[in-house]
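S.K.: Sequence:
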Amino acid sequence: MPAECPKLRSLSLAHSRLRNLHLGVTPNLEKLRVRDCAHLVELHMPVECPNLEKLSLRKCTDMVELHMPAECPKLVKLKLSDLQLRTLDLGITPNLDTLEVNNCTDMVELRMPAECAKLETLHLNDNAKLRTLDLGLTPNLESLYLKNCCDLEEINAPAECLKKLLDLNISHCGRFKSFKFDKKLDSTEVISSSELHLIAEADDTDDADDTGICDPDNTWPEFQFSCCYKEDPASSFGNLERLISLGFGARINVDSFSDIICGLQCLRKLTLIGCIPEAPKNLDQLDCLEQLSLRSTDIKSLPDSICMLKHLKSLELESCLLLEKLPVDIGRLECLESLILSKCTLLQGFPNSIYKLKYLRSLEIKSCCLLEKLPENIGKLECLERLFIMRCALLRDIPSSICEMKRLKHLHLFSCIQFEKLPEELGRLKCLKELNIQGTWISHLPQSIFGLKGLRIVGDRWFLESCGLTPKTRRISYDHDETFCHI
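By UniProt numbering, the letter at position 18 of the sequence shown is numbered 18, and the numbering carries on one by one without gaps.
Some hints could be false.
Simulated crosslink set (BS3-like; lysine-lysine; CA at most 30 Å straight-line) [to be verified]:
1) Lys406 / Lys313
2) Lys300 / Lys356
3) Lys300 / Lys230
4) Lys406 / Lys310
5) Lys313 / Lys281
6) Lys79 / Lys118
7) Lys366 / Lys409
8) Lys356 / Lys343
9) Lys163 / Lys180
10) Lys281 / Lys366
11) Lys310 / Lys366
12) Lys310 / Lys421
13) Lys380 / Lys409
14) Lys300 / Lys313
15) Lys300 / Lys310
16) Lys269 / Lys163
17) Lys409 / Lys453
18) Lys79 / Lys59
No wet-lab data here; the hints were simulated from the structure.
Let's have the full structure, built from the sequences with the hints guiding it.
M.R.: What follows is the structure, encoded as structure tokens:
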């Protein structure tokens with residue numbers, strides 16, 4: 001290059017065998033693009049590039065040194081990929097709005113400017129050795145991608161730095177297998193509240209115990225988290241910073257996990273999946289929570305604080321194989337409308353307080369194989385419309401108080417193989433529309449049931465015919481038929 005190129009505004013270089021590039025004095029350079037220069041080792045830029053707006057370096061696979069100017073006051077976009085840089089110092093770049101650094105697998109350190117007030121897009125992907133990231137001075141950041149930064153141990157994300165973030169995608173960084181957040185205003189799905197869907201998997205890799213700071217008193221396994229968080233586009237609750245801390249820093253234990261989850265603001269829906277040994281302790285702090293789902297966890301009991309969730313409408317416990325009992329005061333969930341218990345194989349019964357769930361509309365009990373009976377006072381669930389009891393192998397009957405459920409529309413006892421007898425006064429259920437007794441050991445129908453005109457009964461053909469009914473068959477899936485009749 002000449003010593004001076006005062007009028008050079010744009011330079012594009014591709015497929016060159018150059019090993020060193022010195023730009024000299026290029027005060028009016030606005031765009032610099034270098035790609036597929038596999039032998040290029042060093043790029044020396046001028047001390048000052050007052051007009052440089054765009055810099056792109058791609059597939060310069062031998063480049064180990066990038067000497068950025070001390071100041072690039074007009075630099076807006078910087079895109080680097082497939083370089084061998086170990087450090088990147090951005091200098092003073094006050095107008096930078098896009099920074100993309102991808103597949104710089106040797107880069108250990110990224111030195112951000114003292115202030116990145118205009119930075120909106122930060123994509124750091126496949127930078128395997130990058131260890132720390134400071135987001136403290138990026139108040140206008142809208143898009144953050146971190147993928148396959150396997151050695152990333154720490155993200156400094158102060159409370160206000162992610163306030164305007166619309167799009168977050170983290171994968172295979174720290175303890176995050178994935179973390180997705182999308183708050184774009186043009187999203188087809190409108191979210192009127194915040195929702196968290198979190199999967200925890202035990203990390204079985206050889207270096208799992210080396211992640212974070214080891215606590216000898218911590219009995220929790222090292223986790224890999226998959227997280228999906230949604231939030232009202234018009235709001236910012238400061239929850240992202242808390243959730244990001246799940247993936248980095250000190251090893252997670254029961255207290256830190258509870259502090260992070262229960263510290264989330266305005267959370268209305270929470271789903272926890274995986275080998276979590278204990279439920280968060282202070283669930284009552286989630287005072288806006290309306291839906292709670294625990295699936296495939298190792299939880300043995302639920303904290304009493306769950307009974308203080310005054311706005312909880314839906315509680316789902318699925319495949320919690322170690323759960324032995326429900327909280328004694330579950331009846332305090334005064335707004336609960338739906339309770340689902342599925343594959344809770346050690347659960348043997350219900351607390352008597354369940355009758356206090358005055359607004360419960362749906363109760364589903366599936367594959368709870370040690371459940372022998374329901375509470376005698378279950379008939380006091382006066383708003384119940386759906387009672388589904390399926391594959392509960394030890395259940396023999398249901399309390400006669402069920403006949404007091406004036407709003408019950410659907411009663412299913414599917415595949416309760418030892419269930420023998422229906423209450424004789426079942427005909428008092430004037431709103432009953434469907435009765436499913438397929439796969440039970442029921443030998444006769446109560447006489448009162450024949451007064452429920454239009455009642456749909458699902459059962460085994462031989463049994464329905466023995467009751468003088470005329471069954472029909474319909475295909476409900478590719479390998480399953482349903483036999484039914486109407487009164």
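S.K.: All the hints need checking, so say for each whether the structure fits it.
M.R.: Now the hints, each set against the structure:
1. Lys406 / Lys313: This hinted pair holds, its Cα atoms lying about 21 Å apart.
2. Lys300 / Lys356: Roughly 24 Å between the alpha carbons, so the hint for Lys300 and Lys356 holds.
3. Lys300 / Lys230: holds, 29 Å
4. Lys406 / Lys310: Satisfied, since the Cα-Cα distance of roughly 26 Å is no more than 30 Å.
5. Lys313 / Lys281: holds, 20 Å
6. Lys79 / Lys118: Distance ~16 Å between Lys79 and Lys118 Cα, so the pair holds.
7. Lys366 / Lys409: Status holds; Cα separation ~18 Å.
8. Lys356 / Lys343: holds, 24 Å
9. Lys163 / Lys180: Answer holds: Lys163 to Lys180 is near 16 Å, not above 30 Å.
10. Lys281 / Lys366: Holds: Lys281 and Lys366 sit about 26 Å apart, inside 30 Å.
11. Lys310 / Lys366: holds, 26 Å
12. Lys310 / Lys421: Violated, at roughly 37 Å.
13. Lys380 / Lys409: holds, 15 Å
14. Lys300 / Lys313: This hinted pair holds, its Cα atoms lying about 22 Å apart.
15. Lys300 / Lys310: With a Cα-Cα distance of about 23 Å, the restraint between Lys300 and Lys310 holds, given a limit of 30 Å.
16. Lys269 / Lys163: holds, 21 Å
17. Lys409 / Lys453: With a Cα-Cα distance of about 13 Å, the restraint between Lys409 and Lys453 holds, given a limit of 30 Å.
18. Lys79 / Lys59: Roughly 11 Å separates the two Cα atoms, so the pair holds.
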